[in-house]
Amino acid sequence: MAILNRSAFSTLLVLFCFFSLPRADAQKAAQSVASGIDSTQIEAFLEGIPAGTAKLVGVWGDQNFIADSAVVDASGHLVLRRKNLLAPGFYTFLLPGMKQLSFLVDKDQRMTMRAKATDFFGTMQVENSINTDLFYQTIRFQTKQEPELNQLSATMGKSAPNSQEFLQAKLRQQQIMDERKAYLDGIFKQYPNAFFSKFKASGQNPEFKEFKKANGDTDTMRQLIYYRDHFWDNVDFNDDRLLNTPVIGNKLKRYIKELTPQHPDSLIKVADPLIRRVIKNKQYFKYFANWIALQYENTKTTVMDGEAVYVHVIKNFFTPELAYWDTPESLAGLQKHVWEMEASLLGRKGPDVRAQDAQGNYKSIYEMTAPIVVVFMFSPDCEHCQKEAPEMEAIYQKWKSKGVDFYGISISTTDEEWKKFVKEKGLTFTNVFDPTNRAIYAKYFVDITPEIYVLNKDRIIVSKNLHPNQLETVFEREFKKAGLGH
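Residues in the sequence shown are numbered from 1 upward in steps of one, following the numbering used here.
Accuracy of the hints is not assured; some may be wrong.
What the hints assert, rightly or not - The calculated PhoX-like cross-link candidates involving lysine-lysine, where the alpha carbons are at most 25 Å apart (straight line), are: (1) K402 - K349; (2) K349 - K480; (3) K420 - K402; (4) K300 - K253; (5) K282 - K253.
In case anyone wonders, no lab produced these hints; they're calculated from the structure.
What you are looking at is a predicted structure, and each value in this text was computed from that prediction instead of being measured.
Construct the entire structure; sequences and hints are all you get.
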């Protein structure tokens with residue numbers, strides 16, 4: 001396997017550095033909020049917790065980081081004192097004995113928690129923190145509902161739809177969910193400015209709305225679109241504190257990965273307006289743009305041509321005017337990287353390549369007359385190339401009389417090594433090499449060899465990132481689409 005295009009590595013490095021920032025961001029945020037003696041004093045009396053060290057874990061987006069630590073004595077008592085405030089958000093103490101203690105903090109960070117290790121949620125008492133108190137009150141309220149909800153779900157699962165048992169269980173389930181909503185609405189009304197209210201509201205899903213087609217069937221697509229359109233309604237993008245909780249990272253992942261078809265066009269259609277929606281909310285813009293780009297970077301995505309999403313996000317949002325967190329030099333490198341990728345995205349016309357074969361004759365992709373052309377990019381010192389080259393030759397021999405031609409491009413090698421490789425592997429299909437790289441630069445993108453592209457009769461790229469054993473299925477599909485026999 002040969003790894004090429006060092007700009008791709010630079011891109012990964014830039015994005016990795018971005019996701020390494022949470023700890024630094026949190027520290028800077030904390031230092032900018034306040035400074036003084038024991039600005040933060042979080043005390044806990046936890047009966048049944050053994051002595052040891054408790055690590056304090058914070059959140060930024062979908063990343064966790066160690067924010068601080070505290071000593072737990074033999075009685076289960078711990079105190080976290082800090083001169084600088086923690087960044088407001090959601091934190092968890094990883095306690096000795098594999099227990100966890102979670103809480104919310106805002107600007108007021110002097111609180112006391114008391115609980116028994118056998119039942120943290122049920123026994124928790126909180127002093128001097130309305131946010132953490134409401135957090136545990138809500139957990140206790142919802143926990144009491146869980147047994148009945150589980151029973152109702154089991155009843156509905158084993159009952160026929162529209163049966164009396166099913167309908168009764170569904171009605172009771174809706175009643176419980178209405179009770180839960182009413183409980184939260186009561187908190188939101190009583191404590192409209194509490195951080196807990198913002199935190200809990202932002203995590204709520206849109207209310208279910210049923211849509212029917214003209215024939216009476218459920219319109220599942222319209223339901224999905226409605227749900228997705230209202231998915232962010234309860235999130236205040238002006239509140240950066242929410243980025244320091246698990247809510248935003250979880251919602252973004254669900255919105256992009258679960259509520260959006262994993263196809264480049266669909267993803268771009270959904271991701272682009274979301275990123276534009278938060279452009280003025282700098283921290284959200286930074287997080288959303290980076291997270292989405294990273295998910296669909298080449299070699300990181302399993303979505304066919306997912307890098308089209310990556311190219312779109314980088315090209316439109318990683319500019320000196322918008323990407324305030326990066327340097328002009330780094331951004332220029334990213335733009336160059338996606339420019340190199342753009343010409344070989346699915347659905348684009350495959351660029352022509354004209355280079356010399358082993359006999360010194362110039363060979364061009366566009367001169368080939370076969371309805372299907374396979375572009376095979378390889379490096380002689382690549383182990384996978386050494387294995388797949390004979391497989392490619394066998395497929396070529398089987399399909400060359402049926403309307404498929406192959407165009408091999410050797411890269412990252414020497415003229416001697418290329419010719420030796422072609423001879424040893426018995427490759428009879430067209431093979432070219434350009435030691436200057438000018439013939440192929442920014443045409444067919446390759447980061448790890450081998451790389452395979454398939455062009456149809458109009459020389460549109462119809463498949464890429466393939467293994468040899470996938471080619472024949474692509475051939476069958478394309479001949480069928482074109483109405484051609486083979």
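Structure-based check of all given hints:
{"no.": "1", "hint": "K402 - K349", "in the structure": "holds (23 Å)"}
{"no.": "2", "hint": "K349 - K480", "in the structure": "holds (20 Å)"}
{"no.": "3", "hint": "K420 - K402", "in the structure": "violated (29 Å)"}
{"no.": "4", "hint": "K300 - K253", "in the structure": "holds (15 Å)"}
{"no.": "5", "hint": "K282 - K253", "in the structure": "holds (19 Å)"}
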